[in-house]
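Q: Protein sequence lines correspond, in order, to chains A and B. According to our numbering, the first sequence holds residues 1 to 134 in order. According to our numbering, the second sequence holds residues 1 to 717 in order.
Rather than coming from a laboratory, the hints here were simulated on the basis of the structure. Quick caveat, the model's predicted, so the values are computed rather than measured. Please note that a few of the clues may not be correct.
Under the rule of at most 20 Å between Cα atoms (straight-line distance), these lysine to aspartate or glutamate pairs were calculated in the EDC-like manner [claimed, not checked]:
hint, chain 1, residue 1, chain 2, residue 2
1, B, 237, B, 187
2, B, 711, A, 116
3, B, 711, A, 54
4, B, 648, B, 373
5, A, 127, A, 33
6, B, 237, B, 201
7, B, 237, B, 277
8, B, 711, A, 47
9, B, 439, B, 404
Computed footprint of chain A on chain B, listed as stretches where at least three residues anywhere in the stretch have a Cβ under 8 Å from a Cβ of chain A [unchecked claim]:
hint, segment
10, 366-378
11, 659-670
Far from chain A, by Cβ distances over 10 Å, these chain B residues were calculated [claimed, not checked]:
hint, residue
12, 53
13, 117
14, 148
15, 161
16, 231
17, 321
18, 414
19, 481
20, 529
21, 543
22, 609
23, 693
24, 708
Idealized CB from N, CA, C, for every residue including glycine.
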Amino acid sequence: MTRTRCAAYLIALCAALSCGGPTDAPPPPAPPEPGHLTLSLASPATDDGAMVLEMTGNAMGSVAPVDTTVFLLADSTGGGGVRVVLAGNLVSGPLLSFSVPDVHAAYRATLLQVGDRGSHARADLTKYSLTISH
Amino acid sequence: MRVSIAASVVLSMLVHALPAFAQTPVEETEPNNTPATADTADLHRPATGRVGTSSGSDGFDYWLVHLTQGDTLQVAGSGCETCDDGNLYLTLFAADGVTRVADGRRWQAEDPQLTYVVPATGPYYLRVTLGSEALGDVVTYTLNFAARRCPENFGEPNDSLQRATPITLGSTVDGLWCPTGDQDFYELRLTAGTVFEFSMDGYLGNGHYYPDLPAVHLLGPSGENLDAEVQNDFGPKRYMVRTTGTYYLNAVSERGGVGYSYRLRVGESEFRPGPGDPPIVRAPQGVGNMAVDTHGNFWGPPGNDVLGRLSLDGTLARFNPPGISAAVSVAWDPWGNMLVLNGWSITKFVPPSLTEPFVTLDMGASGLAVTTDAMWVVNGWTGTTWIYQYALDGHLMQSFHLTDLRAFDLRIGPSGDPYFAADNAIYRFRAGVPELVLKHDEPSQINSFVFDTLGNIYVADDGVSSRVRRRGTPRVSLHRFDGSMVADTFAWWPHNAHNLTFGRDADGTTNSHLYILDQGRLLELNHAAIRAPGLPIQPVGVCPVDAAEAEPNDAPAMARTIGSDTAITGFSCRAGDLDVFRFDATRDQTIVFDLAGADLPTLELLAADGTRLASSDARLTAYPHISYATRASQTYYVRVGSWFGGPKPYTLRITRLPTAADHLTLERAARELARPGAILTGAERQYLDEHGNRNGRYDVGDFRAYYTLLKQGGGTP
Chain A
1 MTRTRCAAYL
11 IALCAALSCG
21 GPTDAPPPPA
31 PPEPGHLTLS
41 LASPATDDGA
51 MVLEMTGNAM
61 GSVAPVDTTV
71 FLLADSTGGG
81 GVRVVLAGNL
91 VSGPLLSFSV
101 PDVHAAYRAT
111 LLQVGDRGSH
121 ARADLTKYSL
131 TISH
Chain B
1 MRVSIAASVV
11 LSMLVHALPA
21 FAQTPVEETE
31 PNNTPATADT
41 ADLHRPATGR
51 VGTSSGSDGF
61 DYWLVHLTQG
71 DTLQVAGSGC
81 ETCDDGNLYL
91 TLFAADGVTR
101 VADGRRWQAE
111 DPQLTYVVPA
121 TGPYYLRVTL
131 GSEALGDVVT
141 YTLNFAARRC
151 PENFGEPNDS
161 LQRATPITLG
171 STVDGLWCPT
181 GDQDFYELRL
191 TAGTVFEFSM
201 DGYLGNGHYY
211 PDLPAVHLLG
221 PSGENLDAEV
231 QNDFGPKRYM
241 VRTTGTYYLN
251 AVSERGGVGY
261 SYRLRVGESE
271 FRPGPGDPPI
281 VRAPQGVGNM
291 AVDTHGNFWG
301 PPGNDVLGRL
311 SLDGTLARFN
321 PPGISAAVSV
331 AWDPWGNMLV
341 LNGWSITKFV
351 PPSLTEPFVT
361 LDMGASGLAV
371 TTDAMWVVNG
381 WTGTTWIYQY
391 ALDGHLMQSF
401 HLTDLRAFDL
411 RIGPSGDPYF
421 AADNAIYRFR
431 AGVPELVLKH
441 DEPSQINSFV
451 FDTLGNIYVA
461 DDGVSSRVRR
471 RGTPRVSLHR
481 FDGSMVADTF
491 AWWPHNAHNL
501 TFGRDADGTT
511 NSHLYILDQG
521 RLLELNHAAI
531 RAPGLPIQPV
541 GVCPVDAAEA
551 EPNDAPAMAR
561 TIGSDTAITG
571 FSCRAGDLDV
581 FRFDATRDQT
591 IVFDLAGADL
601 PTLELLAADG
611 TRLASSDARL
621 TAYPHISYAT
631 RASQTYYVRV
641 GSWFGGPKPY
651 TLRITRLPTA
661 ADHLTLERAA
671 RELARPGAIL
681 TGAERQYLDE
691 HGNRNGRYDV
701 GDFRAYYTLL
711 KQGGGTP
């Protein structure tokens with residue numbers, strides 16, 4: 001957390017606790033903080049070769065793979081979501097990053113399909129997890 | 001008219017030249033095919049007629065003769081002296097026309113002589129007929145009422161062991177079989193250990209295969225036949241004398257008469273093998289009109305088959321290719337195509353059965369030879385002899401007529417000019433004119449000849465003449481390029497020298513082994529005396545080169561890689577030349593390989609391990625093509641050839657057939673995963689699944705497989 005963002009947070013907290021404000025009006029919302037979020041993969045396998053996942057959240061912008069050798073296609077679903085298709089040597093760890101207008105906003109990612117590096121589509125994805133982090 | 005003839009008259013006619021023969025003959029008047037309708041003969045004049053069965057009704061001629069008791073009737077019938085079936089028969093009947101009293105006997109070859117001592121004065125009927133009852137034989141005959149006589153001074157009578165004519169080693173004896181049925185015996189003293197040699201030639205007989213050729217038998221001291229112990233493979237007959245004693249030679253002939261003479265040679269040392277003799281029997285059977293291919297196999301007509309290929313180990317393969325009914329000669333053009341002179345045409349032939357009509361001739365040809373720029377064809381069978389010069393594409397360039405020459409066995413000499421044999425001579429054909437190169441003293445015909453690389457000429461004379469009936473001595477002689485004699489004979493005498501040819505080594509080079517056909521066998525002649533390898537018989541043409549073809553490319557290891565949607569040009573110039581190209585499939589797709597040009601081009605598709613996957617063999621077409629579903633990442637080889645070689649270019653096109661994958665991209669395939677059912681067509685999804693995990697739907701596994709395919713194919717995922 002940056003120093004500027006910490007100060008703003010303390011001001012907002014002080015206002016909320018009536019520590020000397022001129023009125024009782026609620027404090028103004030914190031201004032959005034645009035930035036990039038990172039989607040990380042935790043995979044039980046070591047030979048993942050392709051994935052389809054869906055990310056939802058507000059106004060996601062450009063999506064890019066962390067490993068630039070990985071093929072990635074992001075396609076808007078029209079409802080604010082984005083479906084991402086990846087192919088390459090996919091391994092656990094940071095998978096992709098995407099720009100958002102507010103890094104504090106809530107974003108969610110769901111794994112839809114996983115294929116190995118041959119042509120097999122995995123049937124069980126329960127041991128996979130995706131994490132979005134700032 | 002009643003005619004009688006006195007014995008004194010008959011005797012007078014026997015001794016003298018029979019002035020009556022010069023008289024006008026009595027001609028028959030048809031019908032005379034029964035005693036009742038017989039013509040009356042005048043015994044002082046010849047009688048003539050025609051007898052035969054061409055009409056189906058003139059099988060007999062009857063002549064009435066009036067004879068006097070005690071006289072001797074002599075009737076010399078002259079019809080067809082050399083006919084086997086249409087020979088003349090004479091039969092004498094008594095006055096009743098039924099009682100047979102005398103028959104004629106063969107005297108002058110097949111012509112008969114009838115002799116009859118008349119027991120009672122009266123009319124007799126002389127019947128003339130033919131030996132054959134087949135329709136079609138008609139013979140004009142003459143009856144002379146006199147006896148024939150044989151020439152004297154031939155050691156006669158020597159027709160038995162007891163009356164054998166004594167001869168000695170080293171003798172040359174002139175004998176005569178007269179009349180038909182006569183046989184001659186000679187006796188000589190032989191010492192144990194002697195290799196006795198004897199041969200006979202100079203007799204009448206114009207063929208080699210007639211069963212009635214004259215023969216000479218060796219008999220032992222007791223008259224026992226020793227033929228089984230006589231060696232007769234090559235040269236004169238030879239007999240190793242084991243026991244000293246008197247031996248006999250018995251000269252026999254199926255036919256005899258005036259002119260049926262012969263020459264008998266006996267000796268111990270007259271015939272010596274030359275270096276390299278005796279000839280080596282290479283195969284128990286041969287092929288006629290031999291020509292040797294680049295593998296050293298002999299080609300020619302074997303027996304009743306059209307064409308045969310004989311190897312030196314005696315293996316004979318027989319071919320009866322369509323469109324070839326009578327192979328007269330075989331040659332190869334500069335590109336290695338086999339050309340078969342097929343009577344009235346020249347046909348290209350690829351064993352075992354592929355033929356292509358090439359040149360149609362307007363007469364039956366007797367010889368074919370090819371140079372680097374022309375084909376020469378000669379006719380010597382009938383009519384005016386001509387020589388045609390054709391371009392190698394089969395177009396007539398020039399024609400020449402020869403007068404008084406029957407040209408056979410056409411060969412190309414060291415100068416590049418055609419040479420041919422005509423009777424007992426060899427001519428060089430230069431600037432439209434035949435020039436005499438050599439001529440044998442013997443009239444028998446030169447059957448074949450070959451050149452070596454020094455220009456020496458090896459000449460086979462089969463001892464038979466088309467103009468003279470007397471049999472000569474078969475031989476092979478060696479001449480210098482100017483025709484002068486080097487050796488006669490060059491090799492120990494084959495009995496029936498035919499079809500000389502030099503062999504070829506495995507690389508196609510003409511070698512110094514000289515072969516000949518002799519009595520159906522393939523012999524190698526006198527290798528030690530061959531002066532130089534044979535002059536190459538197959539010209540070598542210049543083949544164009546197309547850089548795009550990247551020769552040499554006749555094996556997968558040398559193949560140039562080609563891609564789809566391209567066209568390659570090249571040449572399949574030498575017969576049997578193959579051009580191989582490599583094709584690496586980047587995706588599963590159907591590829592069409594089509595070929596045009598060359599001379600009946602052929603196309604094959606091979607797997608990486610050389611397995612033939614598809615070919616155009618089944619279709620002889622100018623435009624073969626193969627359509628094949630190639631698999632991604634597989635290597636294929638396309639092999640181009642042609643049934644016939646030549647400087648005609650070909651074009652090979654490799655075309656990719658449109659597929660469901662044509663418009664696929666990785667981006668579209670990926671987006672389909674994001675928007676299922678909205679991006680790809682059903683066919684595209686099916687294609688991806690088909691080439692992915694084949695689970696019936698398009699999923700991320702299929703996508704991954706496609707991604708891998710494009711990466712491996714050099715695409716840009």
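Q: Which of the listed hints are not met by the structure?
A: 3, 5, 10, 23 and 24
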